[in-house]
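Undergrad: Spelled out, the chains give:
Number of protein chains: 2
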Amino acid sequence: MKKHNFYAGPAILPQSVMEQASQATKELDGCGLSILEISHRSKEFAAVMEEIISSTRELLDINDDYEVLFLTGGASSQFYMTAMNLLPSNGKACYVDTGAWSTKALKEAKLFGDVQVLASSKDKNYTYIPKDYSIPADATYLHLTSNNTIFGTAYHAWPETNVPFVCDMSSDIFSRPIEMEKFGVIYAGAQKNLGPAGVTLAIVRKDMLNKVDRMIPTMLDYNTHIKKQSTFNTPPAFPIYVSMLTMRWLKENGGVAAMQMKNEEKAAILYKEIDDNPLFEGSAAKEDRSLMNVTFLLKDSDLESAFLDACTEANCIGVKGHRSVGGFRASIYNAMPKESVQVLVDVMKEFGKNFG
Amino acid sequence: MKKHNFYAGPAILPQSVMEQASQATKELDGCGLSILEISHRSKEFAAVMEEIISSTRELLDINDDYEVLFLTGGASSQFYMTAMNLLPSNGKACYVDTGAWSTKALKEAKLFGDVQVLASSKDKNYTYIPKDYSIPADATYLHLTSNNTIFGTAYHAWPETNVPFVCDMSSDIFSRPIEMEKFGVIYAGAQKNLGPAGVTLAIVRKDMLNKVDRMIPTMLDYNTHIKKQSTFNTPPAFPIYVSMLTMRWLKENGGVAAMQMKNEEKAAILYKEIDDNPLFEGSAAKEDRSLMNVTFLLKDSDLESAFLDACTEANCIGVKGHRSVGGFRASIYNAMPKESVQVLVDVMKEFGKNFG
Numbered sequence: 001m002k003k004h005n006f007y008a009g010p011a012i013l014p015q016s017v018m019e020q021a022s023q024a025t026k027e028l029d030g031c032g033l034s035i036l037e038i039s040h041r042s043k044e045f046a047a048v049m050e051e052i053i054s055s056t057r058e059l060l061d062i063n064d065d066y067e068v069l070f071l072t073g074g075a076s077s078q079f080y081m082t083a084m085n086l087l088p089s090n091g092k093a094c095y096v097d098t099g100a101w102s103t104k105a106l107k108e109a110k111l112f113g114d115v116q117v118l119a120s121s122k123d124k125n126y127t128y129i130p131k132d133y134s135i136p137a138d139a140t141y142l143h144l145t146s147n148n149t150i151f152g153t154a155y156h157a158w159p160e161t162n163v164p165f166v167c168d169m170s171s172d173i174f175s176r177p178i179e180m181e182k183f184g185v186i187y188a189g190a191q192k193n194l195g196p197a198g199v200t201l202a203i204v205r206k207d208m209l210n211k212v213d214r215m216i217p218t219m220l221d222y223n224t225h226i227k228k229q230s231t232f233n234t235p236p237a238f239p240i241y242v243s244m245l246t247m248r249w250l251k252e253n254g255g256v257a258a259m260q261m262k263n264e265e266k267a268a269i270l271y272k273e274i275d276d277n278p279l280f281e282g283s284a285a286k287e288d289r290s291l292m293n294v295t296f297l298l299k300d301s302d303l304e305s306a307f308l309d310a311c312t313e314a315n316c317i318g319v320k321g322h323r324s325v326g327g328f329r330a331s332i333y334n335a336m337p338k339e340s341v342q343v344l345v346d347v348m349k350e351f352g353k354n355f356g
Numbered sequence: 001m002k003k004h005n006f007y008a009g010p011a012i013l014p015q016s017v018m019e020q021a022s023q024a025t026k027e028l029d030g031c032g033l034s035i036l037e038i039s040h041r042s043k044e045f046a047a048v049m050e051e052i053i054s055s056t057r058e059l060l061d062i063n064d065d066y067e068v069l070f071l072t073g074g075a076s077s078q079f080y081m082t083a084m085n086l087l088p089s090n091g092k093a094c095y096v097d098t099g100a101w102s103t104k105a106l107k108e109a110k111l112f113g114d115v116q117v118l119a120s121s122k123d124k125n126y127t128y129i130p131k132d133y134s135i136p137a138d139a140t141y142l143h144l145t146s147n148n149t150i151f152g153t154a155y156h157a158w159p160e161t162n163v164p165f166v167c168d169m170s171s172d173i174f175s176r177p178i179e180m181e182k183f184g185v186i187y188a189g190a191q192k193n194l195g196p197a198g199v200t201l202a203i204v205r206k207d208m209l210n211k212v213d214r215m216i217p218t219m220l221d222y223n224t225h226i227k228k229q230s231t232f233n234t235p236p237a238f239p240i241y242v243s244m245l246t247m248r249w250l251k252e253n254g255g256v257a258a259m260q261m262k263n264e265e266k267a268a269i270l271y272k273e274i275d276d277n278p279l280f281e282g283s284a285a286k287e288d289r290s291l292m293n294v295t296f297l298l299k300d301s302d303l304e305s306a307f308l309d310a311c312t313e314a315n316c317i318g319v320k321g322h323r324s325v326g327g328f329r330a331s332i333y334n335a336m337p338k339e340s341v342q343v344l345v346d347v348m349k350e351f352g353k354n355f356g
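So the protein lines, in turn, are chains A and B. Each residue of the first sequence is one higher than the one before, counting from 1 in our numbering. Each residue of the second sequence is one higher than the one before, counting from 1 in our numbering.
These are calculated hints, taken from the structure and not from any lab test. This one's a predicted model, so the numbers in the text were calculated from it and none came from an experiment. All C-beta atoms, glycine included, are put in the ideal place defined by N, C-alpha and C. Any given hint could be a false lead.
Selected chain B positions facing chain A (Cβ under 7 angstroms, derived; list incomplete) [stated by the list, open to error]:
#  : residue
1  : 7
2  : 13
3  : 18
4  : 20
5  : 21
6  : 28
7  : 30
8  : 37
9  : 125
10 : 233
Here are the computed lysine-lysine pairs in the DSBU-like style, where the Cα-Cα straight-line distance is at most 35 angstroms [what the hints assert, rightly or not]:
#  : chain 1 : residue 1 : chain 2 : residue 2
11 : A       : 206       : A       : 272
12 : B       : 299       : A       : 228
13 : B       : 131       : B       : 107
14 : A       : 122       : B       : 349
15 : A       : 251       : A       : 182
16 : B       : 227       : A       : 92
17 : A       : 206       : B       : 110
18 : A       : 26        : B       : 262
19 : B       : 349       : B       : 3
20 : B       : 107       : A       : 228
21 : A       : 110       : B       : 262
22 : B       : 43        : A       : 272
Given the sequences, and given the hints that come with them, work out the whole structure.
TA: Shown next as structure tokens:
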């Protein structure tokens, strides 16, 4: 019996993608080898790399001012790589602190230069996105976390500034169209909307680079991977392959504009129940609610384990909230079917009847 | 038609491992989720991490003086991480240069401190392992590349010294028993004897650490991953899972001592043909020949494309040598069946008849 997978990440992928990945693990497109054992220098894998880069450009409408990289590791590695590559020792990086991942990102940046935290929502346990702050015009970049997986908040409007954004989009990339021209660098670990853990997409505007004079190990220098189109060393071939399959699925399903409509619809169903059901309440400020990670609480926290049991009973898993928020979190990424969201809503309705 | 996969890496894995990986990509052990979409904090994945760490300890006979880590990336990331974590700014790291990977490793180490290259076989295009050199007793470590994938050489005896080795075992780990007490750190990218690309095994003796005072980004500090047992951040779950399956296969097949016997037998068959067949010659010094990567040449290089055609005809792929050596390379890792080696030998015999 397949489960309804509400985990925050690694997370649900399209069913058809997992089936194709399973087949390729036996044999890739009739080539006589598994995707697991094929050389990254083979013509078959070269085609995978070429397709994933061109699909990324197509889906996010990325022009030639930007390089598209698929790097090893996750967003945690980009926390220091962005600062290491972008922030001159006499430069100034600005950060908005919207939760655990922002906090980790700015901690790493401090190793490399002057970091200014322009605003933080820590005062209210990161339940909102700060909006009123001024951005120094001479900042090298402004770092944002577009969607806050743990706290269930997201940017629905970008700050007004000419300072380029460096943005961690790990948990909402490909969930909506983005105005690329605002971004100097976008990075995103694969394991939410893209593929299995182990690869990170980095989109780097070329004019952001070559402004630092520190020594950078070869593997940590964006230029290394730009020169070799992400195959300087053996790339994480399987996570890249599965991410490529997800991009095919995205294109077949109307691209990121269609995803946004579907995501808004799914989120609306779930938030409506949270707002209508007298037992529950949302934990994030309404205007900043994430379309990817829906966080909510039981007003009577004594009922929590009963609700989790009811979820498990209905094959809804991964619904327990992060320990720093408590309550519940339903992650409803691109691949989550509306039907699964409806199953969870039905559990909440039934729970309301039984315990209301 | 399955191919005989002689690629140097990513490389052949046991057929049963690829089949189990394919099944788990659909659904992991009846848990209702694919291995691709399961949380790294789930009890199912926690069991995978626990098993792979204990299997590594069992297979290589590793005691509690050492930590076993599964890190993101490949050996290329360890080139700088080892020096960054181990080499004090007033320390001295010694390197033996046995080919392209050694050269890259020592280049990165130079960013962090004093690097002495004790010996190099560059004078003969890395066709042998240097043996006569003295090792400064006060060196922090001696870096070795145990098996040289490109040049087809390997250490069959370790240098005599009390200086701890830091060793890149990417292409021969688990192929033979090792005397752990000689090693301070062992690292190995997965994509030869372990699993798909995207994860690196690092075995770190605890007394090697905490001797440097430089600032290290959190993700690059071995201590971070030791404290969190390789799950500080989302680990590359699928490459780790497949590597765990390979370790099960290793244990079912007698462990590393049995592998060594099988590897010696396979290599002997192939080297015998290289030595007996008047058309061919080995490219590495006989006493340093690798059991993993068998490099050989046609005495008449004009016949090369005809030989590659004959290999392709017999479904033997990945036999073309690295551009820096030329000729041919048959990589015959643990998972390579003796039968496939025999197919290649038969091609060579037939080729000898036709062109001899």
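Undergrad: Out of the numbered hints, which ones does the structure contradict?
TA: Hints 4, 6, 7, 9, 11, 14, 21 are the ones this structure does not satisfy, whereas the remaining hints hold.
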